[in-house]
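Peer 1: Chain by chain, the residues:
2 protein chains.
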Amino acid sequence: MNRDGSSGSPIGLHRVVEPPGVLPQAAWRLDADPHLWPDEVRLRVERLNLDAASFRQLSEAHPGDPDGIRRQVAEIVATRGKMHNPVTGSGGMLVGVVDEVGPGSPLGFAVGDRVATLVSLTLTPLVLTDGLVRWDGRSEQVPADGHAILFGRSVAAKLPDDLSAELALAVLDVCGAPALTARVVADYCALRAAAPRVLVIGAAGKSGSLSLAAARRAGAGSLVGLVPTQAEENRLRAAGLADEVAVADARDPVATAAAVGEGADVVVVCVDVPGAEGAAILTARPGGTIIFFSMATSFSAAALGAEGLGADVTMLIGNGFVPGHADMALNLLREEPAVLDLFVHRLNRLDLSSTVSS
Amino acid sequence: MNRDGSSGSPIGLHRVVEPPGVLPQAAWRLDADPHLWPDEVRLRVERLNLDAASFRQLSEAHPGDPDGIRRQVAEIVATRGKMHNPVTGSGGMLVGVVDEVGPGSPLGFAVGDRVATLVSLTLTPLVLTDGLVRWDGRSEQVPADGHAILFGRSVAAKLPDDLSAELALAVLDVCGAPALTARVVADYCALRAAAPRVLVIGAAGKSGSLSLAAARRAGAGSLVGLVPTQAEENRLRAAGLADEVAVADARDPVATAAAVGEGADVVVVCVDVPGAEGAAILTARPGGTIIFFSMATSFSAAALGAEGLGADVTMLIGNGFVPGHADMALNLLREEPAVLDLFVHRLNRLDLSSTVSS
Numbered sequence: 001m002n003r004d005g006s007s008g009s010p011i012g013l014h015r016v017v018e019p020p021g022v023l024p025q026a027a028w029r030l031d032a033d034p035h036l037w038p039d040e041v042r043l044r045v046e047r048l049n050l051d052a053a054s055f056r057q058l059s060e061a062h063p064g065d066p067d068g069i070r071r072q073v074a075e076i077v078a079t080r081g082k083m084h085n086p087v088t089g090s091g092g093m094l095v096g097v098v099d100e101v102g103p104g105s106p107l108g109f110a111v112g113d114r115v116a117t118l119v120s121l122t123l124t125p126l127v128l129t130d131g132l133v134r135w136d137g138r139s140e141q142v143p144a145d146g147h148a149i150l151f152g153r154s155v156a157a158k159l160p161d162d163l164s165a166e167l168a169l170a171v172l173d174v175c176g177a178p179a180l181t182a183r184v185v186a187d188y189c190a191l192r193a194a195a196p197r198v199l200v201i202g203a204a205g206k207s208g209s210l211s212l213a214a215a216r217r218a219g220a221g222s223l224v225g226l227v228p229t230q231a232e233e234n235r236l237r238a239a240g241l242a243d244e245v246a247v248a249d250a251r252d253p254v255a256t257a258a259a260v261g262e263g264a265d266v267v268v269v270c271v272d273v274p275g276a277e278g279a280a281i282l283t284a285r286p287g288g289t290i291i292f293f294s295m296a297t298s299f300s301a302a303a304l305g306a307e308g309l310g311a312d313v314t315m316l317i318g319n320g321f322v323p324g325h326a327d328m329a330l331n332l333l334r335e336e337p338a339v340l341d342l343f344v345h346r347l348n349r350l351d352l353s354s355t356v357s358s
Numbered sequence: 001m002n003r004d005g006s007s008g009s010p011i012g013l014h015r016v017v018e019p020p021g022v023l024p025q026a027a028w029r030l031d032a033d034p035h036l037w038p039d040e041v042r043l044r045v046e047r048l049n050l051d052a053a054s055f056r057q058l059s060e061a062h063p064g065d066p067d068g069i070r071r072q073v074a075e076i077v078a079t080r081g082k083m084h085n086p087v088t089g090s091g092g093m094l095v096g097v098v099d100e101v102g103p104g105s106p107l108g109f110a111v112g113d114r115v116a117t118l119v120s121l122t123l124t125p126l127v128l129t130d131g132l133v134r135w136d137g138r139s140e141q142v143p144a145d146g147h148a149i150l151f152g153r154s155v156a157a158k159l160p161d162d163l164s165a166e167l168a169l170a171v172l173d174v175c176g177a178p179a180l181t182a183r184v185v186a187d188y189c190a191l192r193a194a195a196p197r198v199l200v201i202g203a204a205g206k207s208g209s210l211s212l213a214a215a216r217r218a219g220a221g222s223l224v225g226l227v228p229t230q231a232e233e234n235r236l237r238a239a240g241l242a243d244e245v246a247v248a249d250a251r252d253p254v255a256t257a258a259a260v261g262e263g264a265d266v267v268v269v270c271v272d273v274p275g276a277e278g279a280a281i282l283t284a285r286p287g288g289t290i291i292f293f294s295m296a297t298s299f300s301a302a303a304l305g306a307e308g309l310g311a312d313v314t315m316l317i318g319n320g321f322v323p324g325h326a327d328m329a330l331n332l333l334r335e336e337p338a339v340l341d342l343f344v345h346r347l348n349r350l351d352l353s354s355t356v357s358s
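If you read the protein sequences in the order shown, they are chains A and B.
So the first sequence is numbered by the working numbering: it starts at 1 and just counts up by one.
So the second sequence is numbered by the working numbering: it starts at 1 and just counts up by one.
Please keep in mind that the hints were generated in silico from the structure rather than gathered at the bench.
A quick note: this is a predicted structure, and the numbers were derived from the prediction, not measured.
Cβ atoms here follow ideal geometry from the backbone N, Cα and C, with glycine treated the same way.
Just so you know, not all the hints are guaranteed correct.
[Unchecked claim] Chain B side only, calculated, beta carbon under 7 Å to chain A, not exhaustive: (1) VAL119; (2) ALA303; (3) ALA306.
[What the hints assert, rightly or not] So the derived label-pair ranges between C-beta atoms look like this: (4) ASP67/A with PRO86/B: 56 to 62 Å; (5) PRO38/A with ASP136/B: 37 to 43 Å; (6) PRO38/A with ASP67/B: 56 to 62 Å; (7) ALA194/B with PRO103/A: 38 to 44 Å; (8) GLY221/A with GLU262/B: 56 to 62 Å.
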């Protein structure tokens, strides 16, 4: 049923409860009422995929206490009308089935479609009804029941038939990273008539492996992958996605610069730990570009760190939206067996692991 | 006197006390010992210029209490060995006179030179010895006595003879903004063979007015200045730096977009209040570029805000270092009477005002 006579805002301003006048992402609390405005869509929620920085923070706040994590996530959603971690400022995404489509919705979905949201949970009205009882609290993939609302201008994708929902969700969660990496690398090639050296920090993870593959296709000259452990080094070497693999803790800029050696023209930051800004700045060549995808990035640490080192680098805030990003990322997974392998390994590890890992 | 036999790091790693292994900017505490390493320079401090976001935070934490502000700044410096506001993560800069030059210093200074640091106070070892007794706590310009250390790779500028120290310091504090704005506008013109529409948010302030003048010189097609009050509107109109002047609170994205009207190809964010990310994203055209200079910018709010609006915009972290930035900004002040007028007005207002203002 639609709200009588009223017309909502395509960006969801009508769902902002407090403070008034801000965008849904900036709001402390959203109205998650299941009744639709004319251009909205309601989903029956199946699964949340928490942002990696948020899940790490929650896990560290409740070490070895799945009940505590469950309770806190449920409380955040009940309080804010959305899954918006107040500490990290980040959210994640979700998968659900279309339950009702407002008559004015421009998204093209039909009742019964299985879709993933590509906008952050930090601006998606959400109600949970099952207390998250099916979630073991040990993985960022959260089985859940409830409903969520899409606005007229929300970005969402129908799940593909040829990939499992879990796999598709894991890819779509980070699909902005390979798309923006490809754009930056292609622009570099076009502007300088040269193939850039590209360094991916956190190269064996989801966004990292996709970014390596995307950079290669976009024309990168040489690819360096930085990983924190020997185990990840072995996996990344076996995958063959990078020309060189370096091992260092990205929170240690000096050790990272030593491990990477020659500086890079494009540095892509995909780790989910705070404190990687210095390593990125130290490993970028003068005139180079850094793309920060980690939601744990500190704006002031990046800005002041570059200034403090007298580093003439262009630093981009990784925008999760680039036109065509979902299809591009899904195709990379379909066409690059090495990326698929890393994703499958990562998903299995998360399901089996009893501790947090990056 | 130099430390015997040891050779320091040009980026000051040897001054990091805790945590070990991080860059000076990321450190919780620096060693501000006055004894120099071979490539260092020691300054006798005359004046600190607190970053606007930091000063605003301190003022709001101690409303109408100059003693409280003084005490807190002194405590931060005593505790951390640098003026690094733990809440905002930002610092500012300082002016001092060269007291001693290490034999290996590459900076080219001589004892007695009056210089301004162009690297943030967040990575400059600092000791204060006067309890800030000469500061009234009402302005971000802080008369102070003590010493500070420059590393081999620190960026600093000799103060010009033709401008007052106060004026030069105010310009140098924000000199990264006009330089990066000019680069982005010039790149836009070169790549698209078109003159961009440029919006400066916070256009009557220090970095805002310089950015307007720099954008004009770099080839902007039309210039829009956004200000929060009628008084600033009048001043900016009289200055003639912008083709259009709009009035709105940048924390209200919807009102800002309505006031600005047509979207901009380049949006420059120069306000020092948190929460301007949404306004910047809503006022940028698809394919446009946003440069965030405000130290109050939230990385996650920008990244998730753009994603949530499905906004295909390039977002830059305003790097305070661009080669040649100091000379460029000082020349803008010398050659653009309207910029000089705004700076002089601002400095007078700060000295006379009894409350915080942006």
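Peer 1: Hint by hint, say whether it matches the structure.
Peer 2: Against the structure, the hints come out as follows:
{"no.": "1", "hint": "VAL119", "verdict": "5 Å, holds"}
{"no.": "2", "hint": "ALA303", "verdict": "5 Å, holds"}
{"no.": "3", "hint": "ALA306", "verdict": "4 Å, holds"}
{"no.": "4", "hint": "ASP67/A with PRO86/B: 56 to 62 Å", "verdict": "33 Å, violated"}
{"no.": "5", "hint": "PRO38/A with ASP136/B: 37 to 43 Å", "verdict": "57 Å, violated"}
{"no.": "6", "hint": "PRO38/A with ASP67/B: 56 to 62 Å", "verdict": "57 Å, holds"}
{"no.": "7", "hint": "ALA194/B with PRO103/A: 38 to 44 Å", "verdict": "40 Å, holds"}
{"no.": "8", "hint": "GLY221/A with GLU262/B: 56 to 62 Å", "verdict": "40 Å, violated"}
Figure legend: structure checked against the earlier numbered hints; hints not met, in rising order: 4, 5 and 8.
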